[in-house]
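Using the hints, position chain B against chain A.
Keeping their order, the protein sequence lines are chains A and B. Position 9 (the first sequence) corresponds to 9 in the working numbering; numbering is contiguous. Position 66 (the second sequence) corresponds to 1066 in the working numbering; numbering is contiguous.
Keep in mind that the hints are not guaranteed to be accurate.
[Claimed, not checked] Quick list of in silico lysine-lysine cross-link-like pairs, DSS-like style, CA-CA up to 30 Å:
| id | chain 1 | residue 1 | chain 2 | residue 2 |
| --- | --- | --- | --- | --- |
| 1 | A | K215 | B | K1048 |
| 2 | B | K1002 | B | K1021 |
| 3 | B | K1048 | A | K250 |
| 4 | A | K219 | B | K1032 |
| 5 | B | K1086 | A | K286 |
| 6 | B | K1048 | A | K37 |
| 7 | A | K219 | B | K1048 |
| 8 | A | K37 | B | K1036 |
| 9 | A | K293 | B | K1021 |
| 10 | A | K172 | B | K1032 |
| 11 | B | K1066 | A | K353 |
| 12 | A | K353 | B | K1061 |
| 13 | A | K172 | B | K1036 |
| 14 | B | K1086 | A | K37 |
| 15 | B | K1021 | A | K37 |
| 16 | B | K1066 | A | K215 |
| 17 | A | K172 | A | K293 |
| 18 | B | K1093 | B | K1061 |
| 19 | A | K286 | B | K1021 |
| 20 | A | K250 | A | K219 |
| 21 | A | K353 | A | K293 |
| 22 | B | K1093 | B | K1021 |
| 23 | B | K1061 | B | K1024 |
| 24 | B | K1086 | A | K172 |
| 25 | B | K1066 | A | K172 |
| 26 | A | K286 | B | K1024 |
| 27 | B | K1066 | B | K1002 |
| 28 | B | K1086 | A | K293 |
| 29 | B | K1032 | A | K37 |
| 30 | B | K1032 | A | K215 |
| 31 | A | K172 | B | K1021 |
| 32 | A | K219 | B | K1086 |
| 33 | B | K1036 | B | K1002 |
| 34 | A | K198 | A | K172 |
Just so you know, the hints here were simulated from the structure itself, not pulled from any lab data.
Take a look at the letters that make up each chain.
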Amino acid sequence: MSYILGFFDFIQGLGPNVMMPIIICIFGIILGTEIGKSIRAGLTVGVGFIGLNLVIAAMSSNLGPAVQQMVERFGLHLSIIDVGWPAAAAIAFGSTVGLVIIPVCLLVNIVMLVTNTTQTIDVDIWDYWHFAFTGALVAIITGSQTLGIIAAVLNMVIIMVIGDYTAPGVEKTLGLPGVSLPHGFSAAYAPIAIVINKIIDLIPGVRNIDINMEKVQEKFGVFGEPIIVGTVLGAIIGVVAGYSFGDVLKLGVTMGAVLVLIPRMASLLMEGLLPVSDAAAEFINKHFSNRGKMYIGLDSAVGVGHPLTLSVSLILVPLTLLIAVILPGNQVLPFADLAVIPWMFVLITPVVKGNGFRALVTGIIVIAGGLLISTNLAPLMTSAAVNANYAMPSNATQISSICDGANPLTWAIVRLNDFGWIGMIVVAVIAIGLALFNRRRILKEALES
Amino acid sequence: MKAILLACGSGICTSTAARVKVEKLLDANGYKGQYKIEQGKIAEVAAKSSNFDFVIATTMKPDGVKCPFINGICFLTGVGVDQVTKEILELMK
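Here chain A stands alone, though its shape is the one from the complex:
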């Protein structure tokens, strides 16, 4: 046993660039993928990691000093750089919890299916990273990898229940029958949207308001183009930092490049994971698909195309920047994750039944709250990045992400651990309670049909 642990310590010590290719290759072979294909897949993941690291380094070495100068000149406290979800995913997969997250989550899914506590076959292996992210932060707070893994498992259980619960809305509003979206980021906003929606229902007058978002997509379309958003934002930051004209242009073009390149690198990570994810999906599909009404759990990206989701997200790009500047207590400079605002809305849209006004109100609330959350989680995310051998910005700048760094569920699970064992017990009680509640609903529906 000590040899095995020693081996794991050794490859983990080499950093995710080496560790992930080996792990992915081993998983591929275990799941029955050909050896050649497994090696190629593993190496592709390694390429993705190295590429991401290069781009993030380019981003922090250019943006870091500019942000620092901006802070000094105007006392703007936006010193935490939003490095974006691809970096968060790489940090999560590169953590110790991330090392085992794929088999652990597969097992959780299987146990939940067998015990009738979920109807979802989650084939979206890639997005297990959200659970690993929560786990990695908990492991840092508690100093225990076991608690980190437990936190990741409980996170997944809660998200799976939310996925089942929102599936009818996904079918009706998004037109995706037989699909649920147990996505660690998108699903976390469904309960908040449900509460806000109920509150608006109670306010006379306000409850009748709706805004037509049809024209928004044309007018705000430019906010959906990373190359333009990155360049303009980079140039603005350069101006505020008091750079010379030439340096403003340099920063602008570099930041435009960063926003275009980050997703390309993430795409390589994704491509490398595909053989493993396909094999795992096939495995659970084959063994668990004949169990009454089932949903297939997908990446919430399949729901991003809803016109309301796209429109509200586009409006929120400039609004998020404005909120970041005026919101007291916020220190996060929104940047790379301005592109993932649509993911917040995938499940908000069905909850508000396509009402533009309600989607916008919910959006402003979750963004403002999210900025404070990511400010709060930035020190943890920064140390997680250091643990995963990521090149950190100079000047002790911190990093965060508006994707999982601002995720209210992640935050709740992580921060409850500040209270020690009690916190984890509270999370466990909630997760198991939700699972049992879901089981009752599933069994009742099975009897009725």
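Just chain B, lined up with the frame of chain A:
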């Protein structure tokens, strides 16, 4: 040479998964080297669509698409691939 636009929410994740499967399918049907696939974001589809022969998307159809549109969600779920395969092969002719 057919130009195919493969779109998803971000142009990264699910479109990569679908692209790999579509390429396999087209190669298996003897179209190797006779097509070009570009990945993109669903938000750009309406604007870009006039330059392509058809679009495969892993999310819902936006307004203003100017070429044939195929819903490729089946490549993620594994349900209903046969029907969509037929549609794609029809468009390749």
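*Which hints, by number, does the structure contradict?*
The structure conflicts with hints 4, 6, 10, 13, 30, 32, although it agrees with all the remaining ones.
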